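Chains as they are written, first to last, in numbering that gives the first Met the number 0: chain G, 0 to 374; chain Y, 0 to 374; chain Z, 0 to 374; chain U, 0 to 374.
Keep in mind that the hints are not guaranteed to be accurate.
As the list claims (entries may be wrong) - Below, in silico cross-link-like pairs of lysine to any residue (SDA-like), each with a Cα-Cα straight-line distance of 20 Å or less: (1) LYS3/Y - GLY56/Z; (2) LYS259/Y - SER305/Z; (3) LYS365/Z - LYS270/U; (4) LYS3/G - ASP366/U; (5) LYS270/U - ARG175/Y; (6) LYS152/U - GLU169/Z; (7) LYS367/Z - LYS367/U; (8) LYS342/G - GLU143/G.
To be verified - Examples of chain Y residues lying across from chain Z (beta carbon under 10 Å, computed): (9) PHE28; (10) TYR55; (11) SER59.
To be verified - In silico contact screen, one side only, chain U against chain G (beta carbon under 10 Å); selected entries: (12) ASN20; (13) TRP172; (14) ASN311; (15) TRP314; (16) GLY321.
Hints were generated in silico from the structure; no laboratory data involved.
Fair warning: this is a prediction, and the values are worked out from it, not measured in the lab.
Glycine included, every Cβ here is placed at the ideal spot set by N, Cα and C.
Number of protein chains: 4
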Amino acid sequence: MEKKINIGIVGAQFMGRAHTNAWYDVANFFDLPFKPVLKAACDLDPRAESSFARRYGWESFETSWEDLVKREDIDIIDICTPNNTHMPISVAAARNGKHVICEKPAAMDARETLSMYEEAEKAGIKHMIAFNYRRVPAIALAKEMIMEGKLGKIFHFNAVYYQDWLVDPEFPWVWRHDAGLAGSGAHGDMNAHTVDLARFLVGEIDSVCGEERVFIPERKIPGSDKTGKVTADDATSFLARFREGASGNFIATRFASGKKNFLRLEVFGSKGSITFNLERMNELEYYSREDTSTEQGFRNIIVTESSHPYLNKWWPPGHIIGWEHTFIHEIGDFLLAIANDEKISPDFFDGHRNQLILDAVMKSAKDKQWVTVPE
Amino acid sequence: MEKKINIGIVGAQFMGRAHTNAWYDVANFFDLPFKPVLKAACDLDPRAESSFARRYGWESFETSWEDLVKREDIDIIDICTPNNTHMPISVAAARNGKHVICEKPAAMDARETLSMYEEAEKAGIKHMIAFNYRRVPAIALAKEMIMEGKLGKIFHFNAVYYQDWLVDPEFPWVWRHDAGLAGSGAHGDMNAHTVDLARFLVGEIDSVCGEERVFIPERKIPGSDKTGKVTADDATSFLARFREGASGNFIATRFASGKKNFLRLEVFGSKGSITFNLERMNELEYYSREDTSTEQGFRNIIVTESSHPYLNKWWPPGHIIGWEHTFIHEIGDFLLAIANDEKISPDFFDGHRNQLILDAVMKSAKDKQWVTVPE
Amino acid sequence: MEKKINIGIVGAQFMGRAHTNAWYDVANFFDLPFKPVLKAACDLDPRAESSFARRYGWESFETSWEDLVKREDIDIIDICTPNNTHMPISVAAARNGKHVICEKPAAMDARETLSMYEEAEKAGIKHMIAFNYRRVPAIALAKEMIMEGKLGKIFHFNAVYYQDWLVDPEFPWVWRHDAGLAGSGAHGDMNAHTVDLARFLVGEIDSVCGEERVFIPERKIPGSDKTGKVTADDATSFLARFREGASGNFIATRFASGKKNFLRLEVFGSKGSITFNLERMNELEYYSREDTSTEQGFRNIIVTESSHPYLNKWWPPGHIIGWEHTFIHEIGDFLLAIANDEKISPDFFDGHRNQLILDAVMKSAKDKQWVTVPE
Amino acid sequence: MEKKINIGIVGAQFMGRAHTNAWYDVANFFDLPFKPVLKAACDLDPRAESSFARRYGWESFETSWEDLVKREDIDIIDICTPNNTHMPISVAAARNGKHVICEKPAAMDARETLSMYEEAEKAGIKHMIAFNYRRVPAIALAKEMIMEGKLGKIFHFNAVYYQDWLVDPEFPWVWRHDAGLAGSGAHGDMNAHTVDLARFLVGEIDSVCGEERVFIPERKIPGSDKTGKVTADDATSFLARFREGASGNFIATRFASGKKNFLRLEVFGSKGSITFNLERMNELEYYSREDTSTEQGFRNIIVTESSHPYLNKWWPPGHIIGWEHTFIHEIGDFLLAIANDEKISPDFFDGHRNQLILDAVMKSAKDKQWVTVPE
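Extracted from the complex, chain G is given alone in its bound form (with noise of 0.2 Å):
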């Protein structure tokens, strides 16, 4: 592993954090034909706190993104800032010839991400978006088993992404508030997510209807006696059809008192059944119609076996991995595909295509009807 490659970050928050952390750990793991190095980090506030940054040992920072971007020992631009820079700084960076993987969701709205994707496109790199649950090991092989056509012909696919940070009417007013800003709040920070898994393991959606919900409409303002309006969304479910057929449901919610990061999946198919729970993502149930009658039931895997998905990576059977492993594994997957020239996915395309959907689902809030999702 005499080679390298070079990495610079943008966004030195919670998710800088998680990305660092896999670029930091990812070549013990995976067998790569170049070792990653942490190059350059920046922030968008110049002045904002890296401890991290510095702990992990990034060899360099940066004061604007604009820069980094520009940098000639750079290889691979990581863009962990809020949605509304999404758009500029991957484009600037494919421009730039720049491998990009950029966080969930994809951008604003789907004019922005179209044209990150044809600018990457254009620009001949890889592009990846960060749908990091992909990779949790349990949903890759739930993708198997649907792939071999373990499940038949999908009926449902029913998905909850559950918080209740918000309950607290203490919490402050912040940026995500502002629907201007954030774009969207719980929708599109948990929706895409669980949008991104029914088109990974169900197809693409042709219609939705949605309503979106605030239940606190302000928030005191940190550091003033005023409050902000909240306009982004607390809470947004959706009804849903895919174009082959199976119906779909989604709520996500940040009011959801108890659950801190419950993320169910429930698909329910002509020969079986799977469900998954992020709390427990080292497990995945399964229920197979094909089973011996009087033994049918819901299978508790431990998918923790060297044969199931990327846990030959890891330790022996029931030695369970964490939430910052899904990391590890996207971005080993994004670096074997630049190196062999593949296509890697979710890219810009998956990302176009989920905010499509999202776009869809607050238009038809707004409109209190069905809409359909452009092709």
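Once you've looked at the hints, dock chains Y, Z and U against the given chain G.
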């Protein structure tokens, strides 16, 4: 318990048997001022097999419900027939001064349920819709806790009702598949239950938007080489908005492979949350935001203590009860309401409100847009 | 069902009520050639409250069991009294030619159980010990699966039976705390059940080594300012070796805070495993080493299909039954064994073998070493 | 973090890799006054494959541990070799003034562990046994709660450790099957962990009575047509009595089909209870007898809050960590203890006490009677 009260039942199929079992057992568990007597049974089909009716010792058999409701020795009419007969039987029974307990859904549409309610009130009888799940002890406990404010303001009421008996394409065409005869399929059968629980636990629903699905559009007609058209829904999902502001999400399907009678409630509030699953009906999950912060978690309450609703009638802690017991609770409470001349719930008004919501969902599914539930 | 069979019951407390309920209901669910008649009841204490006996309609009341067992109109004696009376009542009943069903544990020690067995055999009557958990459908299914070789060779049988009703130090002294009167405490009450299930599912036990514990050595005597000494065990654990080579581990305790009636079995074999929990008695967990390797996992079988043991008598799939139903199964099978003059199990021989094991554990606890169970 | 601390590791197999990963990552998550440097690695077999050691960047390789422990540039020796080498390596390391962290079980018997402890104390070094499960956050939380008196007086500590990798009779004979080389099998490997947790959570054990089992007495020697004799236990169970009066029950087996790395604790006390399962190591079940009586139940605490032990170093609530993180916690705390010259636990004294208990169990299994653990 010298006094007697005489029961006449219409409908000698599955639900007739469950009700009969409750009439047979109830006086052993409830302190009642009179003993119910299994006086007379009949079925819509005079030739119907009713081995269980003989076995349980119904004293006499009528060949028509019209005769039954006129018998002077009958005090209570119990209606366990298909939906399209609920209205005429209950109206006739009321006009003859009988108390009436009627299976759900209340009737075919809100016009029918309204007349049922008005006639019953005019006759001054006691009337009940057999939404038995209100009397699952865990649900009754949830109601108590919500009334005491344990959940605070409710944000979400999410309910699913999953069964899988129609997944098999060889399952034959029966009258239940005809929307004209059955009113609806999964919707009237299953959403009727969860809508009742929603009204019971959270309150009235203001508006809805739903989708109906038929996954297998034709099925073989038994004893024939023809197929019948399936017009009643295999699955119906809908979004809802409650009057008090909560957001609702309902799914009913008979196409959830592996789920036999899986009714899950998730109620999220500002102070806590409750979840419930009918397949583990002796348990209630409760999360309190007021527990010590490092020790918060969903509690698995085994609802078998003598201090829990209805449990003082049964066995020691940890000795679970089954599905049929909910009918004993329902019929016991109905008899007590008659004895004490008190209001019973859910009554025909609840059945009517329930039907208004079901009808609104069906209209919204047709119109592809939100519909306001009539006042 | 013109023919009748007449029942006499001794013991009008908790277990008497559970048995009465089963006699009252059984003919509604089992196809029997005669109808059980609740002929006569008595209690050891002639003044005993027996409101439930009147309520269920026992036709007559005796003041002594000695009189009851001699009555010519009685066919079956059902013994629901404390352990120290099981032997004399059952022997007297047998000598009078009555069939006998007797609560567990069979008696006070193996000398007693042997005489019960020998007298019953000499009299040629049907005899049964009411180890009702054999007839939990999930346990009966486990038995079928083990008989079919689904688990292969058994390595481990681990059983716990946890309750918590003695944790409260204010719980008063009662006769059950006196080893002289009760024989033992948790051991005879709870290990008796799990030992029966061990013999049922895995086979005879060869040797044991146990420990008895009393955690609260004195308790207040009600209506007095004195305390009574607790000599019956609060908890008993033991290791066991089965004849066929499996290793056993048993724990019974009334000091497991939060566990109400928690009986867990774990049976590990060379081809698969089974686990069971009485608080979720409608479920059986099954793991097969023969499932496809990447899809192995414990299956949660909802044991409510009509193809499952006993379930064709009850309700549709997913509609669970409760604890009391096990008595209906037991009494139904007992009546069928009488009708068909067939062997019933568990009989007094099983009760005797069970007692030999319980006695060996108590001896090992006293001697602090392993004890071989007599042949 | 200019200062460095140099690590030398012995043992380049599975545990060596888990420790290496922790040394590699620890400074990114713990605030340390020095940065650990992966200075030198060696294996017992100088030809051993150690691809991971190269991959993680160990700076140099030694061919003998005797050389390694003498190197002046090494501050800490990390011992990840088989049990029979723990004593000589750790003693040599201590005599050379190195701090030592050593895998469990501490050594082959209590004579060895005593000398390890005495030599380490004499040398004044920091010493630790790598019982990593003390630093599962849920276990650390349990410890805090027990210390605060949340469970009251402890009645029961029941622990099982189930794996299934030896069920396959084709699994070959390896040195671990030889009691002479390995000391013991499941006992030293798995009961060592649960005994450590017992001492950590409940206190010292006074006496024990156990049973060892070998289920498959011969296995094929790889690359040969001979079989080797299995003398190390496949499973060991034992009863225990704690000094403070609690009753203990331990089962360790590698023959529990379907259980991969299933370590379950159940701790029952006078005020409450705690249960834990390593396969869901981010969760802790807690029951409080002080909750409102109708609302008591086991709480499922998702141990991922920043207020929970170690979690402020990781990710937001609900984002779970994995098995490997326990090593990071352990090594982080070890480095802090060195930095602050504080006592670390579990140290070699804990390893010695642990071994005394393991030895007593083995003696009791041989003598078929209870054995008192030496003071």
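Hints, verified against the model:
| no. | hint | result |
| --- | --- | --- |
| 1 | LYS3/Y - GLY56/Z | holds, 15 Å |
| 2 | LYS259/Y - SER305/Z | holds, 12 Å |
| 3 | LYS365/Z - LYS270/U | violated, 30 Å |
| 4 | LYS3/G - ASP366/U | violated, 62 Å |
| 5 | LYS270/U - ARG175/Y | violated, 54 Å |
| 6 | LYS152/U - GLU169/Z | holds, 16 Å |
| 7 | LYS367/Z - LYS367/U | holds, 9 Å |
| 8 | LYS342/G - GLU143/G | holds, 18 Å |
| 9 | PHE28 | holds, 9 Å |
| 10 | TYR55 | holds, 6 Å |
| 11 | SER59 | violated, 18 Å |
| 12 | ASN20 | holds, 7 Å |
| 13 | TRP172 | violated, 19 Å |
| 14 | ASN311 | violated, 13 Å |
| 15 | TRP314 | holds, 6 Å |
| 16 | GLY321 | holds, 4 Å |
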